[in-house]
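Q: Residue strings, one per chain:
Number of protein chains: 2
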Amino acid sequence: MVNKKSYGLGSQRSSIRELFEYGRQRIAVAGYDSVCDFSLGNPSTPAPEQVRKAFSDILENEPPVAVHGYTSAPGCDEIRRAIASSLTNKFNMDIRPENLYITCGAAAAVTSVLAALTIDNQSEFIAVAPFFPEYRCFAEVAGGSLKVVPADETDFQIDFDELEKAININTQAVLVNSPNNPSGAVYSAETVKRLASLLAAKSAEYGKPIYIVADEPYRELVYGKVSVPFIPEYYGNTIVCYSYSKKLSLPGERVGYALVTNKVEEWKKVFDAVAGSARMFGYVCAPSLIQRVIARCADIQPDLRVYERNRNLLYASLTEMGYFCAKPDGAFYLFVKSPAGNGNDFSEAAKKKDVLIVPGAPFGCPDFVRIAYCVDTEVCERALPVFGEIINSK
Amino acid sequence: MVNKKSYGLGSQRSSIRELFEYGRQRIAVAGYDSVCDFSLGNPSTPAPEQVRKAFSDILENEPPVAVHGYTSAPGCDEIRRAIASSLTNKFNMDIRPENLYITCGAAAAVTSVLAALTIDNQSEFIAVAPFFPEYRCFAEVAGGSLKVVPADETDFQIDFDELEKAININTQAVLVNSPNNPSGAVYSAETVKRLASLLAAKSAEYGKPIYIVADEPYRELVYGKVSVPFIPEYYGNTIVCYSYSKKLSLPGERVGYALVTNKVEEWKKVFDAVAGSARMFGYVCAPSLIQRVIARCADIQPDLRVYERNRNLLYASLTEMGYFCAKPDGAFYLFVKSPAGNGNDFSEAAKKKDVLIVPGAPFGCPDFVRIAYCVDTEVCERALPVFGEIINSK
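Here the protein sequences come in this chain order: W and H. With the working numbering, you'll find the first sequence wraps up at 413, consecutive numbering, no jumps. With the working numbering, you'll find the second sequence wraps up at 413, consecutive numbering, no jumps.
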């Protein structure tokens, strides 16, 4: 009666969303102070004041017919110009408005790009574990498939031997998510260079481009002096997918972009295919008011103080208790190895004490859990004794 | 190198969008007063003042982390409750929040519903001409196909003999768009009853439900005393797709819903499949701020004065000149038969005089053009001499 794949995806929520909904119900019953909800990557730092001002100013001073009207499908001129100029100033590349397709967030960008790169049902996409679980359905949306390269669990860079084994004539793209959800790892320039060199060699071997799809919603969320390599500078056939969700604390507003630079072979063809996928999926345009807000706020930097404090607190406390986790350089996740049993057991044990952490299996690392520390610091403080109890009871 | 279908859809804009982009460029060159742009269904009446107030109040008084955060995938509680209550009050049915899946507009709803109802690549959807051209790619997104039933060009109701011939064992749904884009026709209760009875009989014959997918963004845009039958009251297996784009003049903001009532057989299964399709297409949630705005504005009625004036002016003037068109009872389109040659010729002749009207071929009626009269009345007035010249030169 209905599409099996759709029903499967709709009747089984993602484990992240499942835990988030459980958390909402628990908070309704037990109160906010009783539950430590680390399930969802929903920023706890409010959107910058400039964002609120931009909203107000546009709503008060611009004509509503223009503000709320359809924009061109790839986005209104203002936002494309503002982002192109921001990226050109920031990176060593000439990025133009026509390289940018404004999307309803990074998820819309990734699914549209993967569909655009799916030639037939042999098409394969590669994710390096740990990876964002929704990549699987985005890879399958147009009939392709996802292949997962096991994680390098020491520092969550790339195990290149494993990656090389995974590449074949059907490989269309490698998904890169750095800073990484869920590990917080940032790929080093060294890692990106090796990846570029491997993919250049494999593209030559198979006589076809193998793309990098760089999913970068956490680009600006890095700590200390870490810098995030801009992959198109290292590898021409890179398509960047971005979202303002995390940087500007606007995850619900659904605005981001797919960037197809002129360095992508036949970039206009790839761009048009992305546009066509978005059209097929019913993305008429990205929401119009927020497009105008972003046009004014594209250069604002995030306030990372709470996240950095939480990261330092959790990392120091958990490692001192005896937990293993790689120190995250970016994003707002800590990826922690279960002290006994697998990540599901760890998540269940914590859930019983109203601490909500996501099992690592859907991310491709079943022995781990993800702690989304984009929460008030007091939530981290409240959770620490529970983490202590769990590791001591093993 | 890229997906052929996506590339095709992305490199060839829809004819509506094509003309709209041309119009923007012409206005930039020749000035607003030189071009009569009837291409796009972009409401010219501003959003009601209550909408602006709701935006301001939410932005000023509610915490930004909540306002701009992710909502549950099917929508925030407030909007689902408000719409369920509004529909329950308006229609003779018990509609509950859990029947509503909030979407990024009607396009997202239709594409998610059609994908949900696509069982395999034999699945067929039927549109009755004239129909919204994007239905074709929405029907094909999950591997199904679109079959078009020729228009009844006298009054743009349904030619039931033709419809019956089109239905077979693979028919999954009939798309209904009333008030209709592009004809402005509203299906009468009589039409809806005959449709319900035909589909009930065919469902019984084939031992499977044949759904109605009712795409209703123009529900409240009707003139005079015309009423729009609420199809779920007549036929249980109806899924309604709705958008606030036209009623509240918010087309760019992308907010609407799919309604799967309890009268749909195995409604929860259908609902879950819709949710799964939306998830696969990367619709994380509908934009969050506008969800909260709609929660407060669900019952506001549109201001139809300008549209009604335009309809009356254009219909009276064009028929007096000798044009044929059915008098539209709803929406904001006039569907006019080309006085000589086909709709393309008519559109081209008008375009030469900077009057932009969309050829009817993509709507399934090649002899017609669509005039979107959601414009300032003076645009209609300026265009009338051009329409006079064209019909007199034939």
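Note that these hints are calculated values from the structure, not bench results. A few of these clues could be false.
No distinction is drawn between identical chains; accordingly, a pair holds when it is met within one copy or between any pair of copies.
Derived pair list, reagent style PhoX-like, types lysine-lysine, alpha-carbon separation capped at 25 Å [said to hold, decoys possible]:
#  : residue 1 : residue 2
1  : K227      : K413
2  : K288      : K24
3  : K166      : K24
4  : K23       : K288
5  : K184      : K413
6  : K287      : K166
7  : K346      : K221
8  : K370      : K244
9  : K212      : K24
10 : K371      : K24
11 : K370      : K212
12 : K356      : K166
13 : K221      : K184
14 : K288      : K184
15 : K212      : K227
Q: Each hint should be assessed against the structure and marked as holding or not.
A: Now for the hints, and whether the structure bears them out:
1. Taking CA atoms no more than 25 Å apart as the test, K227 paired with K413 passes in neither setting, with 51 Å inside one copy and 55 Å between copies.
2. Taking the shortest Cα distances, K288 and K24 sit within 25 Å of each other only across copies (12 Å), while inside one copy they are farther apart (29 Å).
3. In this assembly of identical chains, the alpha carbons of K166 and K24 lie at most 25 Å apart whether taken from the same copy (18 Å) or from different copies (24 Å).
4. Taking CA atoms no more than 25 Å apart as the test, K23 paired with K288 passes between copies only; the shortest distance there is 10 Å, against 32 Å inside one copy.
5. Taking the closest pair of Cα atoms, K184 and K413 never come within 25 Å of each other, the shortest separation being 37 Å inside a single copy and 69 Å across copies.
6. Taking CA atoms no more than 25 Å apart as the test, K287 paired with K166 passes in neither setting, with 27 Å inside one copy and 32 Å between copies.
7. In the homo-oligomer, the alpha carbons of K346 and K221 never lie at most 25 Å apart, since the shortest distance is 32 Å inside one protomer and 62 Å across protomers.
8. In this homomeric assembly, K370 and K244 never come within 25 Å of each other (Cα to Cα): the closest approach is 35 Å inside a single copy and 58 Å across copies.
9. Taking CA atoms no more than 25 Å apart as the test, K212 paired with K24 passes in neither setting, with 37 Å inside one copy and 34 Å between copies.
10. Proximity of K371 to K24 under the C-alpha cut-off of 25 Å is found in neither arrangement, the shortest distances being 32 Å within a copy and 49 Å between copies.
11. Proximity of K370 and K212 under a CA criterion of 25 Å is satisfied in neither setting, with 41 Å inside one chain copy and 53 Å between copies.
12. In this assembly of identical chains, K356 and K166 lie within 25 Å of each other by CA distance solely inside one copy; the values are 23 Å within and 54 Å between copies.
13. Taking CA atoms no more than 25 Å apart as the test, K221 paired with K184 passes inside one copy only; the shortest distance there is 11 Å, against 53 Å between copies.
14. Taking CA atoms no more than 25 Å apart as the test, K288 paired with K184 passes in neither setting, with 29 Å inside one copy and 40 Å between copies.
15. With identical chains, the CA atoms of K212 and K227 are at most 25 Å apart within one copy only, with a shortest distance of 20 Å there and 56 Å across copies.
Going down the numbered hints, you'll see the structure goes against 1, 5, 6, 7, 8, 9, 10, 11, 14, while the others check out.
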